[in-house]
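There are 2 protein chains.
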Amino acid sequence: MNSMWQEKENRLNRSFQFTDFKEAFAFMTKVALVAEKLDHHPHWINEYNKVDIFLSTHSAGNVVTDKDRELARLIDTLYKP
Amino acid sequence: MNSMWQEKENRLNRSFQFTDFKEAFAFMTKVALVAEKLDHHPHWINEYNKVDIFLSTHSAGNVVTDKDRELARLIDTLYKP
Numbered sequence: 000m001n002s003m004w005q006e007k008e009n010r011l012n013r014s015f016q017f018t019d020f021k022e023a024f025a026f027m028t029k030v031a032l033v034a035e036k037l038d039h040h041p042h043w044i045n046e047y048n049k050v051d052i053f054l055s056t057h058s059a060g061n062v063v064t065d066k067d068r069e070l071a072r073l074i075d076t077l078y079k080p
Numbered sequence: 000m001n002s003m004w005q006e007k008e009n010r011l012n013r014s015f016q017f018t019d020f021k022e023a024f025a026f027m028t029k030v031a032l033v034a035e036k037l038d039h040h041p042h043w044i045n046e047y048n049k050v051d052i053f054l055s056t057h058s059a060g061n062v063v064t065d066k067d068r069e070l071a072r073l074i075d076t077l078y079k080p
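The listed protein sequences derive, respectively, from chains A and B.
If you're matching positions, the first sequence starts at 0 in numbering that gives the first Met the number 0 and goes up one per residue.
If you're matching positions, the second sequence starts at 0 in numbering that gives the first Met the number 0 and goes up one per residue.
Next up, chain A with everything else stripped away, as it sits in the complex (with noise of 0.2 angstroms):
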């Protein structure tokens, strides 16, 4: 688990940062192409050229589940800032 990625109040959340919007956005969408393959989609929020994604399991009862580990790997890949 890349230590980037911090676990509290039962979620994951990891902020990225961008040069702009343009890039920011392309990374949320090679995210939502991953995170719809999954079937595991995060709770993000974007203001420019910030990205703060929060992974936890819904059905799982919103606690961190190794879907949420598995997403949060796979965004790190994604992550070329």
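It should be emphasised that the hints constitute simulated quantities derived from the structure, not laboratory data.
Just so you know, not all the hints are guaranteed correct.
Said to hold, decoys possible - Below, simulated BS3-like cross-link-like pairs (lysine-lysine); rule was C-alpha separation at most 30 angstroms, straight line: (1) Lys79/A x Lys36/A; (2) Lys7/B x Lys79/B; (3) Lys36/A x Lys49/B; (4) Lys49/A x Lys36/B; (5) Lys7/B x Lys79/A; (6) Lys36/A x Lys21/A; (7) Lys49/A x Lys21/A; (8) Lys49/B x Lys29/A.
Stated by the list, open to error - Rough simulated footprint, nothing fancy, chain B against chain A, three-plus residues with beta-carbon under 8 angstroms: (9) 7-18; (10) 42-48; (11) 63-72.
Claimed, not checked - Examples of chain B residues toward chain A, derived with CB under 10 angstroms: (12) Leu32; (13) Glu46; (14) Val63.
Here the structure is a predicted model, which means the values were calculated and not measured.
Backbone N, C-alpha and C fix where the C-beta goes; we use that ideal spot for every residue, glycine too.
Keeping the supplied structure of chain A fixed, place chain B upon it in accordance with the hints.
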């Protein structure tokens, strides 16, 4: 101005709902292209089929300006729930 946008705490806010993540993210992609073209970007939150959008103008001191009203109007034209 569409009355479904609410002005509170110096931001325009509207929540959008879709059948699933795929539809929600397709909408976000359309909004992203319009925002980039206007060079005016939303603060937004997505969780599965919901998109919550907040608009304010940073360069004007984080208040609602005509740029926000214009982006809100364009976003409404993209919403096909």
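For which of the previously enumerated hints does the structure constitute a violation, in increasing order of number? 5, 9, 11 and 14
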